[in-house]
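Using the hints, position chain B against chain A.
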Amino acid sequence: MTTNAPRHIISLLMENEAGALSRVAGLFSARGYNIESLTVAATEDPTLSRMTIVTSGSEAVIEQIIKQLNKLIDVVKVLDLNDGKFIERELMLVKVKATGAFREEMKRMCDIFRGRIIDVADGSFTIELTGSGTKLDAFIESLDKAAILETVRTGASGIGRGDRILKV
Amino acid sequence: MADTPKNSSSKPLSSKPITGAEILIRCLHEENVEFVFGYPGGAVLHIYDAIYHQDKFKHILVRHEQAALHAADAYSRSTGKVGVALVTSGPGATNAITGIATAYMDSIPMVIISGQVPTYAIGEDAFQECDTVGITRPCVKHNFLVKDVKDIAATMKKAFYVAASGRPGPVLVDIPKDITADLCKFEYPESVSLRSYNPVTKGHLGQIKKALKLLAEAKRPMVYSGGGVVLGDASAHLIKLIQSMGIPITSTLMGLGGFPASDEKFLGMLGMHGTYEANMAMQECDVLLAVGARFDDRVIGNTKHFLSNPRTIIHIDIDPSSISKRVKIDVPIVGDVKSVLADMNELIETEKASNQFVQNTNALAAWFKQINAWRSKKCLDFAQSDEFIKPQYVIQKLHEVTKGEAFVTSDVGQHQMWAAQYYKFNDPRRWINSGGLGTMGVGLPYAMGVQFAHPNAQVACVTGEGSIQMNIQELSTCAQYHLPIKVIMLNNRYLGMVRQWQEFFYENRYSESYMDSLPDFVKLAEAYGHVGMQITKPSDVEGALKEAFDMKSRFVFLDFITDQKENVFPMIQNGKGLSEMILASDIGAEDL
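These protein sequence lines map, in sequence, to chains A and B.
So the mapping is simple: the numbering used here equals the position in the first sequence, first residue as 1, plus 382.
So the mapping is simple: the numbering used here equals the position in the second sequence, first residue as 1, plus 89.
Extracted from the complex, chain B is given alone in its bound form:
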């Protein structure tokens, strides 16, 4: 380690030497860790023995390492704190990869501790050996291999610091077994400084003024907010800015809840399955303020098409590499979104007298008139049925029954999009899903992580019969810890999103997208000691949801047998532009 934290500022916490495993545990105590999600194995036995002797944090035993990572990830997403996972060497670490990559793509702060074979066995193809640092390198913010017991404390301090600061992300610490048995005095550094890592948090004031001026002079201003607003806890500042400027706002999948969906200035989610009004406004605006978002392919579609409408783009982001990556930015502002938005609000306040940053009300009124015309398309309307349960209807009812206050986790696929479209999130950190990597199987372990963090909250896992089976073993973990999660499974007997693409682009050749031999999910839930329900009639949807959420202490698995052929609309085909949406009304969804 080139930059060891200053010893002068560290406090001696133990006078007599303790084992590396004990030091590791003490580090977690120093970081006020509440939960460690993990799975034991040979290389981490010393660590697990040290866990046995402590009760400051709770260890959660999952059934598969991937779930430990997802649960720790969701704990972080729903609280803003660093999630912690612990896995053994070899297969323990490789099983964790999907979870690490999922967190990395969505910038979730996590510290992952992996066991490693003893230092003297590294490189000898020892039992359960793999090059964990090498394998994880492309999907972590940073990683460390600790080769000396004296480095454990300083490395852990750095790991937590790097994970949570700047653009957050997962940091892995690989610790060989012999290091966890070696003895050393424990000193936890109070501060950490790295000469090679100093994230910029304060935005450039000149750029911020320029941005405000551009927005004030705009005829068709628009704000596009992303996951950065949620991760940066900048929601209150964003709301204040939008209210004082009175301009329309859309959000990415990851940003949902960062601005209240019930506000009339909110146009809904944008992107591939975004609303008509959000996508049209995004395409037609003349000044665009992007806040903690990254113009990814699922959001703006074809960049050429996007750029065919001239507009000035302002981009606030903590990560300079997110700026001008896919789309050239006119006014870049590198900084923490919360700090930059606070500066914007302050400038508007102090410049009130000068009228410098006041919107042109006539232009804004005309802009909203246009937006309302787009809104009148009612792009999220769907044909209700007495015969089949419409998946959208289930989400609408879920929203009603939980009064919009639940934490909603989702898996990946059609159900994810319906949850995003129809559960109107008014608060940040309530919508927990894998946006970047798009990992099927996250839903149930995500719900676990959220429920541990918020034991008294309503937690709903919206899933499909495909996704749920990717981590179905966690029904056992939910039983062990009595987690009162409600699984809302939209069961259409298809890998729905795959089927939808095959229907549109492969002339209905449903190659391997139908799932035969599904289990009896009610019996499966019951086998784990949970409550299972199957709902087949639209008229039973609301009652079943009420009944489930009334069972406050029970895990309830609701198997909704939904309309097999329902599709997600609006939809932008791959490679098409934002304004080239397919709407349900264009196609007559019923005829498909």
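Pulled out of the complex, with its shape left as it was, chain A reads as follows:
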């Protein structure tokens, strides 16, 4: 699998049962598919979980991934978001150094990227930032590496635009 293969966001609904997550994770590792990120949580219907998997691969590989996911007994529905228009969001928390002149600079960068400072300490800020993966990457890029104390990202969540609805 090449790393520059097209990136796909796959959304799926699955039974909210013990072991369901490991069936999906196991499938990806057993068949050698890439996982860039995987997020999962229960939906408004507590019997269902919604999972967003960011992966990459050729059309043939993505087709196999979708088929293999559908084959899992616990998986109710699978959708390749890239088949249509969709919105992608990811949340990132970044703890940065904020001392002296840095303090003002960090505040400014945060504003430019429409982030929010959610925790303030003597020497640091914690910034909350939401957006597409590339936006979060851009924010990290724009910071002085030495200023970054810690980052944590949720991985992408995706949803179809307009009438594209993934529901049972």
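A couple of the hints might just be wrong.
[To be verified] One side of the interface only, derived from the structure: several residues of chain A facing chain B at Cβ under 8 Å:
#, residue
1, Glu397
2, Gly401
3, Ser404
4, Arg405
5, Ala407
6, Gly439
7, Ala442
8, Val443
9, Gln450
10, Asp456
11, Leu461
12, Lys467
13, Arg471
14, Leu473
[What the hints assert, rightly or not] Pairs of lysine to aspartate or glutamate residues, derived as DMTMM-like cross-links and limited to a Cα-Cα distance of at most 25 Å, are as follows:
#, chain 1, residue 1, chain 2, residue 2
15, B, Lys329, B, Glu494
16, B, Lys299, A, Asp519
17, B, Lys417, A, Glu470
[Stated by the list, open to error] Part of the chain B face toward chain A, derived, beta carbon under 10 Å:
#, residue
18, Val222
19, Gly223
20, His231
21, Ser280
22, Leu283
23, Ser285
24, Lys299
25, Ser411
26, Ser413
It is worth saying that the hints were derived from the structure and are not from the lab.
Beta carbons: idealized from backbone N, C-alpha and C, even for Gly.
Chain B alone, transformed into the frame defined by chain A:
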């Protein structure tokens, strides 16, 4: 369980509460289970006590859990029914893994019940605890851990349904010991529906028409059938289709018997050790219809080489993920092979007047002329010897003596390939072997499962001295249940297939492929109360086989001392293409 089967449709079968173990047994009764292959242990003691109190199914006590799985698997392969195995927690479950993975790779419907430590001890590294659901997850179609006695019946119903429907496969139900002692009323759901699992069985009619048209217009049409035809009980429909179209057909190892080998349109098995004519026709055809087969590496060899000849491929399969997995398919038809083939036959019938789906007879005649030219290579001919017993000769004689009607199980290796090549199977479910996982040691427990299912049938286990020793302990089970199996052991004192590869690709460095200190198999068989025979001369082969099969009520172990250096031909080397076969005649097998 998110989708509990509707209560309205379930029938109350007991008014007073019974134990989880008793509920489990009642579920097996409801599913009309005839045999449970198993081995007791701590975590399943309640279940075994409940078995003691019933006589609707027979429990078969094996000598190792792996054999229980293989026997249940072969019971299923030879009958089409769901095989059932029962093992205890921890080592019972881990011993079963090879059997589960074997069934999974060949899509065999099975329900495996495993005991588990009590719910309150799970996760505490209790005695004989292992994460059975976790360990088996990659090699089952689905599995369940039952955490409440109230869920046993619904879970068992689901297990049988999932195992047998769609692309079949093994389903494991892990039941903690305390759950089997808890009390609950027994209600068995009559139906089951899962919102997340609805296999497509009916093929798309538009695609089916397109397929028939392509086949009719083809100059060099070809059918390639696989294990799906056998598992889907689609043999009769396939035969009808081939007869009405008059086109050539080949089969995978797993599909043998799905179409009669004696028919002139049958080109033999294809693949790594397939016939010259089957592999050449597969490579050269212009329209290929794949039925319940999956283009695996042992069948089409190098995909690049395979695709170097242009052809249109139609693929019928119950499992969408089998389609376009290794080879891009032009006309996919997702559905049950039996249903799709029936639709094809019906369309041909109804469109007779329109001549829409009629083959071009001139093109077909030219195609068969080419095929017959390939056939004239006589790729399965072998040099007979007066001195050494040729393994191929033993299989030929086995075919003659059993009139081609025996159930033949095999282990894995050279003997497996010879059995596949020289025992001409005319009926489905007669050829029982591990194709996908290639599990050495299946042969004897497979023969047990078949013999239980078909007590009056001739059952031959074709094996080698390597494979047989992987489950040799089952000679004891065969004695306990008086199974009149005939073991046909082709004893070449080598791990033959390993030796063959070492000869071809490692300059005769026979690293660890010679087996020293073999037991006296005749005495070993006799020690278990069986009949043992050793055959060393070619002239004795037929007589020994006749003598063995005449002992209708005895287990007979035939130790054929065969030519040590015989190889399996044709052969496609790893990574090579279908038309790049090595034939016995190319190499002069005698000189090797």
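Hints violated by the structure (numbers, ascending): 5, 6, 8, 11, 12, 13, 14, 16, 17, 21 and 24
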